[in-house]
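Peer 1: Sequence:
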Amino acid sequence: MMNTRLTINTAANTIEMTKEFAKKAKYFGTDEYNMLQIARKDYPTFSVTTKKTKSKENYKGLTLDYMKKYIELHPQTLVLEDGTEIEAIEVLRTLVGLDENGEKIEDAETTSYGEIRAWFFGCYPEVKNKKEEKKANTKRLLTATKKKAA
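The sequence shown begins at 0 in numbering that gives the first Met the number 0 and counts up by one.
Among the hints, a few may not be true.
Quick list of in silico lysine-lysine cross-link-like pairs, BS3-like style, CA-CA up to 27 Å [said to hold, decoys possible]: (1) 68 to 133; (2) 55 to 103; (3) 130 to 59; (4) 40 to 55; (5) 53 to 103; (6) 129 to 59; (7) 18 to 67; (8) 22 to 68; (9) 53 to 18; (10) 67 to 127; (11) 134 to 50; (12) 40 to 22.
None of these hints come from the bench; they were simulated from the model.
Based on the provided sequences and hints, a complete structural model is requested.
Peer 2: Take a look at the structure:
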């Protein structure tokens with residue numbers, strides 16, 4: 000199956016195209032323009048829309064230093080698979096490759112930021128939930144309208 004960046008969505012009665020396809024389709028005579036015209040002729044009642052790309056989760060400010068400080072303020076004891084108990088701060092230090100003083104250990108294997116972030120959210124889900132609550136509250140405030148005069 001060929002990816003043409005133009006999709007017929009019969010469920011929504013739309014002809015959907017990517018942003019890149021739309022840029023090229025606005026010029027008369029291009030292949031994209033011709034493909035769009037054929038689709039419009041075949042589906043005259045369908046509306047034409049540009050697909051929106053889903054934004055990636057953004058964790059601005061969630062640095063390793065922030066995680067370290069948060070764990071120090073909210074200490075937890077974790078249990079490893081073998082039953083050994085370990086402090087969350089020790090797990091973070093090991094994952095990042097730091098010693099007890101917070102100094103980088105030479106030749107220490109480190110874990111990727113994405114894996115550390117996933118582990119952190121697993122141990123401290125309230126941090127992720129707090130971000131989502133803040134986002135919802137911001138959206139609510141941005142949609143506020145002026146009170147009508149009585």
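Peer 1: Confirm or reject each hint.
Peer 2: Here is what the structure says about each hint:
Note on residue 68 and residue 133: the hinted pairing holds, with a Cα-Cα distance of about 20 Å set against a maximum of 27 Å. The straight-line distance between the Cα atoms of residue 55 and residue 103 is roughly 30 Å, outside the 27 Å bound, and the hint therefore fails. The straight-line distance between the Cα atoms of residue 130 and residue 59 is roughly 10 Å, inside the 27 Å bound, and the hint therefore holds. As the CA atoms of residue 40 and residue 55 are separated by approximately 35 Å, the hinted pair breaks the 27 Å bound.
A distance of roughly 37 Å separates the Cα atoms of residue 53 and residue 103; the hinted pair therefore is violated under the 27 Å criterion. With a CA separation close to 13 Å, the supplied pair residue 129 and residue 59 stays within the 27 Å bound. The straight-line distance between the Cα atoms of residue 18 and residue 67 is roughly 41 Å, outside the 27 Å bound, and the hint therefore fails. A C-alpha spacing of about 46 Å is found between residue 22 and residue 68, which places the hinted pair above 27 Å, so the restraint is violated.
Between residue 53 and residue 18 the alpha-carbon distance is near 13 Å, which keeps this suggested pair within the 27 Å criterion. Taken as a hint, the residue 67 and residue 127 pair is honoured in the structure, with Cα atoms around 15 Å apart against an allowance of 27 Å. Straight-line distance between C-alpha atoms of residue 134 and residue 50 comes to about 23 Å, which keeps the hinted pair within the 27 Å bound. Proximity of residue 40 to residue 22 is assessed by CA-CA distance (about 20 Å); at most 27 Å being required, the pair is judged to hold.
The structure is inconsistent with the numbered hints 2, 4, 5, 7, 8, although it conforms to all the rest.
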